[in-house]
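Construct all of the structure, not just a fragment, from the sequences and the given hints.
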Amino acid sequence: MTSLSRRTMLRGAIGSAAVGVALPLLDCFLDTNGVALAATGQRIPVRFGTWVWGCGFIPEKWIPTTVGHGYALPADLAPLEPYRDKLALFSGFDVKLDGVANKPHITGCLGLRTGIPVPNEDVKAPTLDVLIAQKIGGETRFRSLDVSTCGLKKSYSYHAAGSPNPSETSPSALYRRIFGAGFQDPSALAFEPDTRIMARRSVLSAVTDDRQRLMRTVSASDRARLDEYFTSIRQIEQQLDLQLQPPAPVKDFTRPAAPDEEGQGSEMGQVMETHRIMADLLAKALQVNQTRVFNVLFSDTASNLRREGETTTHHTLTHEEPADAVLGYQKEHSYFATQSMVAWKEFLDSLASIPEGDGTLLDNCLVMAHSDCSIAKAHAVEGIPTMIAGNSGGGVRTGYHLDGKGDSIARLGLTVQQAMGVQVEKWGQLSMETNRTITELIA
Amino acid sequence: MALRHRIGRKGVLLAAGVVLAVGSLVTYSYRAPARLQAGGGSFLRDGTAGFVVTDIAYALGPDTQDTPACPQGMSLDVSQIFAASPDGQQRPGEDDEAYTKRKEAGGKALSATADGRDYCTNPALAPVDTHARLLLDPRARAEGIDLDGKISRSPADARSGKLDFVGIDGTKGVDNQFWRAVGCNRSYQSRGQSNGFKIEMYSGSWGILIKLDGVDDLRNDDSIKVGLYANADPLQVSPTRNALEYATYAMDADKRFRAETTGRIRDGLLTTDPVDVRFHHVVNGMYLERPLRDARMQATLSPHGVLKGFLAGYSPVEAIYNYQFGFRDAKDAAGKPTLQRAVASANGAARVLGHTCPGMWQSLHRMADGHRDAKSGAFTSISTQYRIEARPAFVVDVLTHSKNDKLVRND
Amino acid sequence: MTSPDPTLPAALRRWSRLRRARFPVLAGGALVLLLALAGAQFMEPSEPEPVGGPPMMRRLTEAQYRAIIADIFGPQVPVTGRFEKAVRVGGMIAIGTGSAGISPFAIEQYDASAQGIAAAVMSPSRRNRYLTCGPSDVRRFDQPCATQFLNQNGRLLFRRALTPAETNKYVGLARRATGQLGNFHRGLELSLYTMLIAPDFLFRIEHAKPGLDGRPGELDAYSRASRIAFFLTGSTPDDALLRAAEQGELDRPGGVERQAERLMATPRYEQAVRSFFADMMQFDRFGDLSKDPAIYPAFNSDLAEDAQEQTLRTVVEHLVTKRGDYRDLFTTRDTFLTRSLGVVYRTPVPQRGEWVPATFAPSAHRAGIQSQVAFLSLHSHPGRTSPTLRGYAVRQIFLCQDVPDPPATVNFTAIEASAHRPNVTARDRIFQHATDASCAGCHKVMDPLGLTLENYDGLGTFRQRENGALIDTSGSLDGTDFDTTDGLANALHDHPETPRCVAERMYKAAVGRDITWNERYYLDWLIGRFAADDYRIPDLMRRIVTSAEFFATTRPVMPGTLVRADARTIAGDRL
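Chains as they are written, first to last, in numbering that gives the first Met the number 0: chain A, 0 to 442; chain B, 0 to 410; chain C, 0 to 574.
Everything labelled a hint here was simulated from the structure, so no lab data went into it. Treat the hints loosely; a few may be bogus.
To be verified - The calculated DSS-like cross-link candidates involving lysine-lysine, where the alpha carbons are at most 27 Å apart (straight line), are:
| hint | chain 1 | residue 1 | chain 2 | residue 2 |
| --- | --- | --- | --- | --- |
| 1 | B | Lys330 | A | Lys376 |
| 2 | A | Lys376 | B | Lys102 |
| 3 | B | Lys100 | A | Lys153 |
| 4 | B | Lys197 | A | Lys376 |
| 5 | A | Lys344 | A | Lys152 |
| 6 | A | Lys376 | A | Lys344 |
Unchecked claim - Chain C is faced by these chain B residues, among others (derived, beta-carbon under 7 Å):
| hint | residue |
| --- | --- |
| 7 | Arg34 |
| 8 | Gly38 |
| 9 | Ser237 |
| 10 | Thr239 |
| 11 | Val395 |
| 12 | Val397 |
| 13 | Lys402 |
The beta-carbon is built from N, C-alpha and C at its ideal position, and this holds for glycine as well.
Right, here's the structure in full:
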């Protein structure tokens, strides 16, 4: 079977499977390919992204004093109050060095993203965004979109050592790339159902053929258990049927205006503006299925952000500035740490501004925000602050703070991949290897 | 165990005794893995008590910034030095950003010889840094212990700069010339960036072990053996990043990082006799060595096994310059020199911490008070005091390996 | 057979009656008598006439599923499902398999896992290991090759040969999928995927031959092979065992014995013993265990893992490697340690990242697996010990005795409030248990055991004081008084229920259900033989496998109850 137009497909779906959906459709359930189902009964894809900011945090202004739901938002997270329920906070998860030299601002970031602590940029495995893109990024125009809002053409997305994905730093270039030549109006797109899913759907029905034979051979109580099994199988069939339908048509899409912003520079105000424009463009790109995976570098891990008129960067400040005698922490560093969280909030604003299904685009995303270290002046890679935003179409749970108590931070990477349908039971290597899913995160 | 199979099921009872006997014979002849005899109880066992250092910092003194202790203010970094020069003044019409850039560039120009030889790597080539400040105030106080048994408080001592401190706790004759060398630097104030260096210790890059042998009485014992070793294993920490007690650690396999001496405990106060020690130090992924000559410890020992006090001695001037300021002998994890990273780190550190490399090198030499060179008559080491805390641990002597061995050797 | 076998020694019958009356001291006496009888006569009492139980339909456990995939396809093939919490019935997940269903969540996981396994098996880098044939043009369907591959793997997965109809079905699926996907290997992959999600794989469905003249029936040869394999290896029957079933060897005298002997000599046997004890000691509950890091700084996920591994290594070394007396498991000081464990036991462990065989000195107060970190920490609260939880666990896990849940109205505030008050010990805190009539009845059987274990803190470190006060460790177990943990160890060792409990659990786990009323004589016989075999676990297991009762069946008459996957039989919140 080759390419099918949407019309043939619809006919096919009705004809073949007769879509025997006798059970009520759940509002949102997720199958292993990460396909959410809107209340309309049409599927909405889930998306994955990372959002990176440099130089960590001020612990007393970031880590909630309690775990679980209902924690009090510390000062630097206060801007995120509107997203409290759509955020999960992770503190106390470590990149485990066990003797590996800590390359400042690199080892922590890449350790978190590959599950292996490396003493330099030579990653030993692809970063998790690449692994997830392999799973969910295939059907779209761009396997992933990578942007940097601080003027540096860097990214922490690697296929292999030596090949980081380059980031787009200019909003207008990003616009041209997405909405310039080659952009097709989403409603005109042909839908190609996955032949593998079609084949799987057809062999699955063979499983249920055995129902009568088996029912005859077992006791009454075992019959009830078999019945439960066959009902469960039916749900899988229904999920497959859904994937054989075209995705939900995109409503309310208007092509954004082209920005004239070139996005150079690292001055805080300018970076915030660049970031806002790029976040909006990315959100629109996600809305019309140009990509399902993205990486945003808000500030480099050795943060080059600076205040207007200053040449001392955020990174330099973390090493240079004495702790304020009254506050007990570095005041200037704190300014950048706070602004980073404001930017993160604005990023979520962009995703949440796009209606989708019963909710917003954010509800169908899983965005992992993280830094490269916890305490920047010492480049500590223990307890790197990390957040998950969005519910991945109902696939992940948010709204709480979780303390990893020194567990390997690879647990997060593992769980996020599993939530996105990557078949992985164990992730990370050497001192960081883990098979322990963060069950709190999986819905 | 093949024996048991031959005997078969029925004979097992009968044979049990035989197997036992043969088993023990066999153990002696070729079965290597002897069982570990595991104990339990207090931190002092059979006269031996081990400790792992859980806290260490330079023992300095009360803050000096904006006090009469530093009458000429604090030491300057290269950019500040340039800004203080006629050329370094802000020009009419020059905006702040451009001026800041010009100051950085001006400072950079002061950091190397005209033909580009870096001063952090070659401090001897630099002119005298007239903006480096020393803590020469005779009223200044310091933490620490008396290292040389002398109370040097004469006007001549004051003139030479080799003036003993009166300790914060009233101790007389405290030798702490390192504090005089760095005391008027902004980063050595209590909230500055340079007075703590244990974070790499907590992430497992280096550590220090202490072992006491021949201890008969924890309160009073006139003769004990004391070992001071670099730790070959990472510190074991709790989920809240506190060091665990009663963990096992191996002493460094390299004899240069092992020192043994004698000591005594009186009324719970442990003092040890001078011995040269050497520890590891890691910063910015650079591997350095931290030697201390004629080092001695003076620490109280609590009933629960917490050692708390001072470790003090004389740091060879060139060595302390290297591990604290210039990084000239820095190696990477594989043991190869990393000069490029060293130059960048040394200059960057000097710029952000508020000193110049040559200024520090000169100050350390000027304040040096130990190990006089027989030929030149110059002192080659500088009295240095560390505040330490150590907790119960088991110190063993075995070869030890990281799970990440392969990566550790990566470069 | 409905009445006690008249040939059964009178002492044995009397003993079994006494056991149920819970007179342990007397029962112990009866045991001695029995041993004397057996010894004096040099005669093995023969197995009572088999009475049988219903054939079972058992869901694979996670451990079995993983072991099967590794056995059939090799350990490199990934199993990527996230398995839900297992159902524990009668103290064992292995028994729960006889009533556990498969929820939609579970099917999603099995589905994902099946896709991953099938894809890995048919991946270009691996498939030559499993496939020795194939079409010259991969777009073509090669029927003989598909038939061979699917028959071979279907037999291993379903633990029986495929019927001709089944062969047709799976070959047909492969053909159709080959057509759809244009690739022979993709076609085989999908057919294999279908097998991996089929009920015949995910459930072990037993079949029996009915008995004649009202006598019990007998499992068919394949079902017997499965029972043998899962009990002795924790995995699926291997090719040799299936062949033995197919060729009638299991019906011939000595056939089962030979297979049992063979399987018990493989490394898988050790694995089966490990799985049994991990199940019995409820180590799956470690997933939910948390400790207050301020109070127990040494606790983290690595320690939790090492603690379980320590106990399992202790068990396997003692029971399998040394063929030791099961009861000595409660007094042995031989064990294995890592550096993480050394922190809790406060003992040096020189090697980093290795397991070191170790023997505790008598002064270390570590006799028996109940004195190890795994048991002690699992049965404590996050920030303190619980004599009640520990006492309950000893009763429930090692003695198979159940204690009812606490009344719903119970008020714990007084206990919580005084947890860390100066000079207050657990004995003071739980004083109320003895004075409140609604508590006393149950707590008097749990607390005295746990109070002796107060010598270990909530993680398992030995201590003599709590909150500054000296701990009074006097306690008792069914009439035996002690005031040291060694005393408790000896009392557990000597308790007549100790070996009986493990024998009963072993049998129930082997058949996946509770015993039937009529099986109690068989069980009495089994425990008698266990004693005569010096309480060696391998002998007990061999005897179970080779007994006629193991394969005997009644008509299926199980009551129709569906056990939900999230049901828990362990009361979580006791004091």
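Provide an ascending list of the numbers of those earlier hints which the structure does not satisfy. none
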